[in-house]
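Chains as they are written, first to last, in the working numbering: chain A, 526 to 673; chain B, 526 to 673; chain C, 526 to 673; chain D, 526 to 673.
What the hints contain is simulated information worked out from the structure, not anything from laboratory work. Be aware that one or more of the hints could be misleading.
It does not matter which identical chain is used: a pair holds within one copy or between any two.
Unchecked claim - Calculated pairs, SDA-like style, for lysine to any residue (alpha carbon to alpha carbon, straight line, at most 25 angstroms):
(1) 645 to 669
(2) 645 to 658
(3) 645 to 578
(4) 645 to 673
(5) 613 to 627
(6) 613 to 630
(7) 613 to 633
(8) 645 to 627
There are 4 protein chains.
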Amino acid sequence: MDLTDCRLYDDIIDPPLSDDELAAINAANVDFAQGLGLQLTYCSATRLEASLLVEARHLQPTGVVNGGVYCAIGETTASIAAVAATAKPAVGMSNYTDLLAGVREGETIRAVAEPVHTGKRTHLWRVEMRAGDRLAAVTNLKLMILDR
Amino acid sequence: MDLTDCRLYDDIIDPPLSDDELAAINAANVDFAQGLGLQLTYCSATRLEASLLVEARHLQPTGVVNGGVYCAIGETTASIAAVAATAKPAVGMSNYTDLLAGVREGETIRAVAEPVHTGKRTHLWRVEMRAGDRLAAVTNLKLMILDR
Amino acid sequence: MDLTDCRLYDDIIDPPLSDDELAAINAANVDFAQGLGLQLTYCSATRLEASLLVEARHLQPTGVVNGGVYCAIGETTASIAAVAATAKPAVGMSNYTDLLAGVREGETIRAVAEPVHTGKRTHLWRVEMRAGDRLAAVTNLKLMILDR
Amino acid sequence: MDLTDCRLYDDIIDPPLSDDELAAINAANVDFAQGLGLQLTYCSATRLEASLLVEARHLQPTGVVNGGVYCAIGETTASIAAVAATAKPAVGMSNYTDLLAGVREGETIRAVAEPVHTGKRTHLWRVEMRAGDRLAAVTNLKLMILDR
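Bound-form chain A, shown alone:
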């Protein structure tokens, strides 16, 4: 199975993906960020949620999560969200990620992606990533929406 087997490229995702559909995507493990342990937990045309349990492999030498992990979570959640909102392929053009607080092994990062701007040719999605109450990082991802 790959992502083309799910509803993501069939139509705008409304209603949200069911638990079974989410489980199928998570099991498919077709993306870099899924290999990192990212699990999708909610997906509609206007909101996507995901979580990642921090393991030793996600850390930098000082013991907190490498900033690139947040960038990758932001990149991936916003990209899937843009596809869910358009049923078209989307390509990230620029990834701006603010790194705001350190997160350690054993904590869970919860990401919520919401649209800032959904134009015909470009989208801007904003992804907040929290560990407990702390805002750890925010990604602003600009995407090009492609014709199929």
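Let chain A serve as the given structure and place chains B, C and D on it in line with the hints.
Showing chains B, C and D alone in chain A's frame:
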């Protein structure tokens, strides 16, 4: 061994790290990006180089490298470079990565980090990532330099 | 009069500035963006609002507002807001502005700045700029908070 | 006269604009940044230069140039440069400006715009702004290239 055993936190890195020192850091595998397969190939106080052979695990569903991989390479190379330039801990504050071209499995991404601004409290490093002749991505990483 | 005569550097701004205090700052015209026509309309420790009536001098050759105007509005509102939140000087470190829709002469741009992260040494403020119902631009401004 | 009277939209700018052509554009004053005092000093398909003499109106309350001025210089020089490189209209999509050093009244900011990536649909230009030997700011401007 961890990074504190190498010269990185002892003094500004001049002359560049030797091949043995680079090999020791690469073997230590203490960072997220090293787990991704990133290998340091050159490290001085004013330039850092690294490379990554693209494997299936780095890709997004369309078959090109997930943008988060470039962000992680940029984050890691610029962070190590800032430490090499200051002999002090450095924390990424914001990661701005432009995604410019697709790279596929089997290609090698070569990253070169150079300083744009090295102030007392903040640094800005710019990391160009190429696959062959193509500029695939550029990271601008802003860092806070910490007192020890 | 300059800004040091108002409450901005005396204490964290709570309650919000009064209409008289806002009028005094707007009349003082001590900042680049005020020279552009930006008027502060609300200022507390957690929210700043301002507006600008678009004139011919704000445009680029194609007849819409030059993107630099939004960056300047974002820079200025977020900077004043950071001072209002801390009663300390604040210096912009990086300004990331997404340009989302064109605005024409005679329209009014309304800006709202709210904090994303208010740390001891750095702040991140996000400024949404709208013309009527359209989201025209968003600035994310990262600032360094200085000791007095 | 407006910019459509000059060679900018006729063809890719090679050879560079002559002194007379630059003077005509500067005199036309059709853009926000020209109203700020920005003067174009060199324009080819692969490089654009401009300068601005800092006056009191460019400053923020602390006496240094408002960060929005750099963003506006970066926005404008990169936009004209993209037109010069393509002979097509170009729209800024995101403006990322790092603010690196303070510049005071009476100093001159010299800007140099060079291309990072010139794709068919999108461009990325990088604009370095210096005052004397100091690097004051760097803009990375992402643009959409439009069909005429």
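Hints and how they fare:
1. 645 to 669: Answer is both; intra-copy 9 angstroms and inter-copy 13 angstroms each pass.
2. 645 to 658: between (35 angstroms within a copy, 17 angstroms between copies)
3. 645 to 578: Classified as neither; 35 angstroms inside a copy, 28 angstroms across copies.
4. 645 to 673: For residue 645 and residue 673, both the intra-copy (13 angstroms) and inter-copy (18 angstroms) Cα distances are at most 25 angstroms.
5. 613 to 627: between (35 angstroms within a copy, 18 angstroms between copies)
6. 613 to 630: between (36 angstroms within a copy, 23 angstroms between copies)
7. 613 to 633: neither (31 angstroms within a copy, 29 angstroms between copies)
8. 645 to 627: Cα proximity of residue 645 and residue 627: across copies only (15 angstroms, versus 36 angstroms in one copy).
Going through the hint list in order, the structure does not satisfy hints 3, 7.
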